[in-house]
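S.K.: Going line by line, the protein sequences match chains A and B.
Position 120, counted from 1, in the first sequence is what the numbering used here calls 120; the numbers after and before it change by one each time, with no gaps.
Position 205, counted from 1, in the second sequence is what the numbering used here calls 205; the numbers after and before it change by one each time, with no gaps.
Just so you know, these hints were derived from the structure itself, not from any lab.
Careful: at least some of the hints might be erroneous.
Partial selection, computed: residues in chain B whose CB lies under 8 Å from chain A [what the hints assert, rightly or not]:
{"no.": "1", "residue": "L61"}
{"no.": "2", "residue": "A123"}
{"no.": "3", "residue": "Q126"}
{"no.": "4", "residue": "S245"}
{"no.": "5", "residue": "V248"}
{"no.": "6", "residue": "I251"}
{"no.": "7", "residue": "L255"}
{"no.": "8", "residue": "A274"}
{"no.": "9", "residue": "L279"}
{"no.": "10", "residue": "I283"}
{"no.": "11", "residue": "R285"}
{"no.": "12", "residue": "F292"}
{"no.": "13", "residue": "V298"}
{"no.": "14", "residue": "F299"}
As the structure is a computational prediction, the values presented were derived from the model and not from experiment.
C-beta: ideal position from N, C-alpha, C; glycine also.
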Amino acid sequence: MINTIAYGLTIGAILYIISIGLSLTFGTMRIVNFAHGFVYTIGAYLLITSLPMVRDNFFLAAVIAVVAVIPIAYAIERFVIRKLYGVSIDYAIIATYAVVLIGVDSIKWIWGASPIPLSDPIGKYVNIFSVTLPMYRVLIIILALVIFGVLTVFFKKTIVGKIVTASLEDKDAVKSLGINVDKYFSIVFVIGSCLAALGGVLYAPITSVHPYMGMMVLLISFAVVLVGGLGNIKGTFVSAFVLGLIMAITGRYWGPAAETMVFVVMGIVLIFKPVEV
Amino acid sequence: MEKAGTDLTKRSIWRTLDIPIIIAGFLVILPILGINRTTDFAIFCIFVLAFNILYGFMGRLSFGHMLYLGTGAYAVTLFSEHVSGNPLLAILAALVAGALIGVILGPIIVRTTGACFALINLAFCQVGYFLVLVAFSRYTGGEDGMSAYFSKMPLLNFGNKGIVFGFVLFCLVLAYFFLKKFTASPYGVLIRSIKENETRVKFLGYNTFNYKWITFIISTTVSAFAGALSIINYGYVTPSFIDPSRAVEVIFAALIGGSGSLYGSIIGGVVYMAISNYLASYIPRWEMFLGFALLIVVFRFRTGVWGFMTGLFTRRRDALTR
Chain A
1 MINTIAYGLT IGAILYIISI GLSLTFGTMR IVNFAHGFVY TIGAYLLITS
51 LPMVRDNFFL AAVIAVVAVI PIAYAIERFV IRKLYGVSID YAIIATYAVV
101 LIGVDSIKWI WGASPIPLSD PIGKYVNIFS VTLPMYRVLI IILALVIFGV
151 LTVFFKKTIV GKIVTASLED KDAVKSLGIN VDKYFSIVFV IGSCLAALGG
201 VLYAPITSVH PYMGMMVLLI SFAVVLVGGL GNIKGTFVSA FVLGLIMAIT
251 GRYWGPAAET MVFVVMGIVL IFKPVEV
Chain B
1 MEKAGTDLTK RSIWRTLDIP IIIAGFLVIL PILGINRTTD FAIFCIFVLA
51 FNILYGFMGR LSFGHMLYLG TGAYAVTLFS EHVSGNPLLA ILAALVAGAL
101 IGVILGPIIV RTTGACFALI NLAFCQVGYF LVLVAFSRYT GGEDGMSAYF
151 SKMPLLNFGN KGIVFGFVLF CLVLAYFFLK KFTASPYGVL IRSIKENETR
201 VKFLGYNTFN YKWITFIIST TVSAFAGALS IINYGYVTPS FIDPSRAVEV
251 IFAALIGGSG SLYGSIIGGV VYMAISNYLA SYIPRWEMFL GFALLIVVFR
301 FRTGVWGFMT GLFTRRRDAL TR
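Chain B on its own, in the form it takes in the complex (with noise of 0.2 Å):
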């Protein structure tokens, strides 16, 4: 019984260390894998965080989140060019940018559900690639892309990649403290019974659409948030940050870590860069390779690597008990 008690004060550290936690994951691995890897990291696991929102919380697949993150990345780009060379300023820009596009489409795509929802965004996703790539070739540099031209602040040298990792690791736990307050209040508790089943949700008498709304809203401008970082840590935006192909990304970052939870978002990011980044160098054909990874985890691991630990330990503290 004592171990048991042992093992349940062991969780409860994982769950109100869990900022500290992660910094310090972060900061163990920062030597491991380089600066520049490491910022790409948390920048791609902020972007996992905001799409599971919207999949692991809502229980809607969008096959077209690259979108959200584009906007982001050329709102930034495009402000810094025209407007401002400050970066706040130009990060803020881009997550006007990200609500905007959110307030526009959400409307039409959060009606949907299940496939219709994928394909609508996948659709709208298409669309703002052609309208980068082709249509407005000549703001946004077309299949070349642009530079991001940032001025230095006082104390935020984004010339300096080690300044450039402190704000982005920054950014991912604000990104993440934020949605933790946002998926534990009742308005989370609201969004995940709407996974669970809408219609009665409805019969309780709650407007469904506009917690929707809300809630595509919030992934869009997170999502804008991430696409915005990456081009403070480049300084060049190119069309395949909205390129639709690339939607995969984040489906399989989100499933690797197990959806509907954040802890588990963070670990899905950082093992899903770790294998694009590495096992293409190692293994020939490794796209095949994570078509067979993909079909084991929906197939034997649904609940992600996250749920898989947490049901180890949940396991074990059965028999502990018993």
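The following block holds chain A by itself, in its conformation from the complex (with noise of 0.2 Å):
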């Protein structure tokens, strides 16, 4: 049961780590971005890439991956995602998905269509309460506890983070003080790219990596922001925590019921708390 609990809490980090973009860009555009899957792909594959580069060093290719993630999130960002400000979001969903299916078959044409398997970076196991887990896992936790911390800081004291905060909000009244919102939107956007990227890195060991990976994950994230709320940093951390334990349970007793239960709970949640887009 421990280790049941142990692999909800790794994928609840890494959902954690994907939703924080998904539920930023949801709260402050009110966009819903597909291409974050997307991001997440490419980012398991330019870790693929740059893993021979650097002598098999993850933590440098890695940082690598994530780096190389930022131009092509300023990419999208300047030529779809801000075209779409104050559009119907029927469009920005739209539009954004479109992304999805040029990335998709870059991959396809860059790496091929098969699934590229990545083995444990680290290999080494730790003792928790007398078991055994693999202490990739547990570090994958501890990273997503400093994240948190990293981002709850940013939010609270620096300047960014407080405009950023202020206008999901009340955007209007935050333009009015002479403030380009749209600036900030698209700092926040490649941050939250990049830590989708990172998410994307860190569950490439855990499963195979090919070019449809970030569908599936986008769709529980959404559930997660959801679930969270929109824009809501505290709620999403929550949020991703328990569904990832959920999945992780429902997995144990029925392995192909757990993407399942996830939105089986999206829906109770939005039956009682409906969200107003």
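These two chains come separately, so use the hints to put the complex back together.
M.R.: This is the structure:
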């Protein structure tokens, strides 16, 4: 059982890292960003490409992958997302989905469509409560907690974070103070995309890397965002870990139902707490 | 001025003779594409019509409409297997199943708008996909799917492809006619007002929830109808009929044709099917092409092919009157 809980916490940690960017774009721009799933996938693929270059040093390769995502994220923001401000939300969904189609096809073009397996980069085990856990998973959970701490400080203490938090509440009021909200949104978008790529990098050794890996994760992160509340940073944190645990516990008893259970929970939450978008 | 007059009558001819024009259009593409593909196209057009009632007229984008198509497809197969092989009764059962799923899921789904509406549909579609693929695989055949056998009717022998095509075309015209009457009625005006501004409609004293719910039920029922017809055509059901990742097909078709127009839905359905059937064999990177086409549609041609064409006509008419 402890093993299952630990697995759930790992999934929750990765879900949190991925969802935070989604939650921020959703909360600030009211845009459902399907391209987020693509950024997650490309992060994993960039890791695969950069691993041989740095003599299989996972840490360096992960840093390279996350940094390399910045120009891609900026291009998506500049040429697609920025044109969608204030446009009907349906067009935003379709346009970002188009980005996914283009992106996934480019991945198939460059890297091929067959899944690429990756091995556990650390390969060591630790004993916690007399249960042996892979070191890698424990590190992921710790990393998610660190990111949560850093983001909390970022949104509470720095000026960029304060502007973003304020515009989550009331965008027009922030605009009327003479602040160029859109500029800060693009910063937030790039940060969120980098975190999504980091999620892809971290998840790659646990599963295999394939061009469509982003889609399912994206749907689950949407569930996380909706359950946690749009643009609610703490809510996203809690709901990511709760849904991660639900996935792990369901998966223990009935493997294929794990992902479906997340959507059942999301449906129940939405019945009692409809989200106004 | 006279020219403008003839142009106007031309447009009203398009409107009044729409059903013969649709039939003629399908009869024209029949020899070009072959009977199997044309039947397929016509069925897909019914699905696009059902989707467009929700999206184009009521302004609710569903990202999980495959669920309702799949409901019809599985209902017709299971009915023919367990109850009766009569194809018409099986289609009726599929319609009831489609309406039922709309009645059950409607109150949860229609309360939401925008992104939430899209995603909750997707979530339910995912659940349905799981149920068909894993949970009830004993009854649905799981990933392999199952065959449907229909008994022969005196006039409707569905083993004959020509009769299937005629029947499907009749069903398309029926669905078109029904939805045309529906959208032209005061009720249709009301759901279009809900798209524009729901709060104002509420202020006028209408209970918008009921109207949205009924529109949702109509959309699910017609989608199930399309699903049932595809099984009559293929004779085989697989989980791909309910696959959530195929949801984008119908959205794209509705967008190409132009949302909020029934004619547009049919044009969009045919154009999309042509792209996905033929482009894939000529262009190796067709998904990328589709992506760029979607971006162009979203940023340049928001009104779709039909809206663009009518816009062109109107502009020319204005230029002539001036």
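S.K.: Under the criterion of a CB-CB separation shorter than 8 Å, is I283(B) in contact with chain A as hinted?
M.R.: Violated: closest Cβ of chain A sits about 11 Å from I283(B), beyond 8 Å.
S.K.: Hey, does the L279(B) contact hint survive, CB to chain A under 8 Å?
M.R.: 13 Å, violated
S.K.: Identify whether the interface hint at F292(B) stands, where standing means a beta carbon of chain A within less than 8 Å of its own.
M.R.: 7 Å, holds
S.K.: Is the shortest C-beta separation between F299(B) and chain A less than 8 Å?
M.R.: 6 Å, holds
S.K.: Hey, does the V248(B) contact hint survive, CB to chain A under 8 Å?
M.R.: 6 Å, holds
S.K.: Holds or violated: is the Cβ of I251(B) closer than 8 Å to a Cβ in chain A?
M.R.: For I251(B), the interface hint holds, since the closest Cβ of chain A sits about 6 Å away, which is under 8 Å.
S.K.: Would the stated hint for S245(B) survive a check requiring a Cβ distance to chain A of less than 8 Å?
M.R.: 6 Å, holds
S.K.: Under the criterion of a CB-CB separation shorter than 8 Å, is R285(B) in contact with chain A as hinted?
M.R.: The hint holds - R285(B) has a Cβ within 8 Å of chain A, the shortest such distance being about 6 Å.
S.K.: Tell me if A123(B) is really an interface residue toward chain A, meaning its C-beta lies closer than 8 Å to one of theirs.
M.R.: 4 Å, holds
S.K.: Does L255(B) pass the interface hint, meaning its C-beta sits closer than 8 Å to a C-beta of chain A?
M.R.: OK, holds: L255(B) within 8 Å of chain A, min 6 Å.
S.K.: Closer than 8 Å between Cβ atoms is the bar; does L61(B) clear it against chain A? Give me holds or violated.
M.R.: 4 Å, holds
S.K.: With a cut-off of 8 Å on the beta carbons, see whether A274(B) makes it to chain A.
M.R.: 18 Å, violated
In the structure shown, a violation is registered for the earlier hints numbered 8, 9, 10, in ascending order.
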